[in-house]
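Given chain A, put chain B in place with the hints provided.
Which chain is which? The protein sequence lines are A and B, in order.
Position 23 of the first sequence, counting from 1, maps to 23 under my numbering, and the rest follow consecutively.
To convert, take the position in the second sequence, counting from 1, and add 114; that gives my numbering.
Since the hints were derived computationally from the structure, they do not count as laboratory data.
All values derive from a computational prediction rather than experimental measurement.
Here are the simulated PhoX-like cross-link-like pairs (lysine-lysine), alpha carbons at most 25 Å apart as the crow flies:
no. : chain 1 : residue 1 : chain 2 : residue 2
1   : A       : K3        : B       : K154
2   : B       : K123      : B       : K154
3   : B       : K133      : B       : K167
4   : A       : K3        : B       : K152
5   : B       : K136      : B       : K167
6   : B       : K154      : A       : K106
7   : B       : K152      : B       : K136
8   : B       : K152      : A       : K106
9   : A       : K69       : A       : K54
10  : A       : K3        : B       : K155
11  : A       : K52       : A       : K106
12  : A       : K106      : A       : K3
13  : B       : K133      : B       : K123
14  : A       : K106      : B       : K155
15  : A       : K69       : A       : K106
16  : B       : K136      : B       : K155
17  : B       : K123      : B       : K152
18  : A       : K52       : A       : K3
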Amino acid sequence: LAKTTQPISMDSYEGQEVNITCSHNNIATNDYITWYQQFPSQGPRFIIQGYKTKVTNEVASLFIPADRKSSTLSLPRVSLSDTAVYYCLVGDMVGSNSGYALNFGKGTSLLVTP
Amino acid sequence: DTEVTQTPKHLVMGMTNKKSLKCEQHMGHRAMYWYKQKAKKPPELMFVYSYEKLSINESVPSRFSPECPNSSLLNLHLHALQPEDSALYLCASSQVSEEPYEQYFGPGTRLTVT
Chain A
1 LAKTTQPISM
11 DSYEGQEVNI
21 TCSHNNIATN
31 DYITWYQQFP
41 SQGPRFIIQG
51 YKTKVTNEVA
61 SLFIPADRKS
71 STLSLPRVSL
81 SDTAVYYCLV
91 GDMVGSNSGY
101 ALNFGKGTSL
111 LVTP
Chain B
115 DTEVTQTPKH
125 LVMGMTNKKS
135 LKCEQHMGHR
145 AMYWYKQKAK
155 KPPELMFVYS
165 YEKLSINESV
175 PSRFSPECPN
185 SSLLNLHLHA
195 LQPEDSALYL
205 CASSQVSEEP
215 YEQYFGPGTR
225 LTVT
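Same shape as in the complex, but just chain A (with noise of 0.2 Å):
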């Protein structure tokens, strides 16, 4: 599995967009780039999914460079409940019939504050 890496921690002020960058170097061919978002004592959630170029849903905008070699999560004027940890994935995600692992790296916790 391909090794990520992103920013520790990062913070913003309310209603602010916030990017945030995910390093993956050695991302192969089949895989898929995959942000979660993590509150406290809960499960990780669903954000973004792409494989290149840029896609776009309710919630963010996730942009893939041409080489594929890192990604941007941009959160559009991020209120205090955008508050939690995101993480950044990436995997062959078709694989087998086997389900998908997710391999989860040490994440980027935001901050948002009034």
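Just chain B now, kept in the frame of chain A:
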């Protein structure tokens, strides 16, 4: 219904006890997972079940015994645990191989071994 339920929410057990954690989903997912999460650490994969068969065991000690009695239920049987096994145990489910490759997590069981 996009919910994964886990019972109990909290569990305190002695090192000689036998207990079980239960996980249930009704999303028709045929892959189910157990993760362990220590405080301030990322989740770590323990087991993966695909079509009710164990497909991945991440070298977990035998004092943890998973069971998948049907496509909606996943159990984790605990016996002779150690204090260092105290953690949040997370269950997740997903489609086996279908985009988006998203795992749905339950809220977890907070286990304390005394």
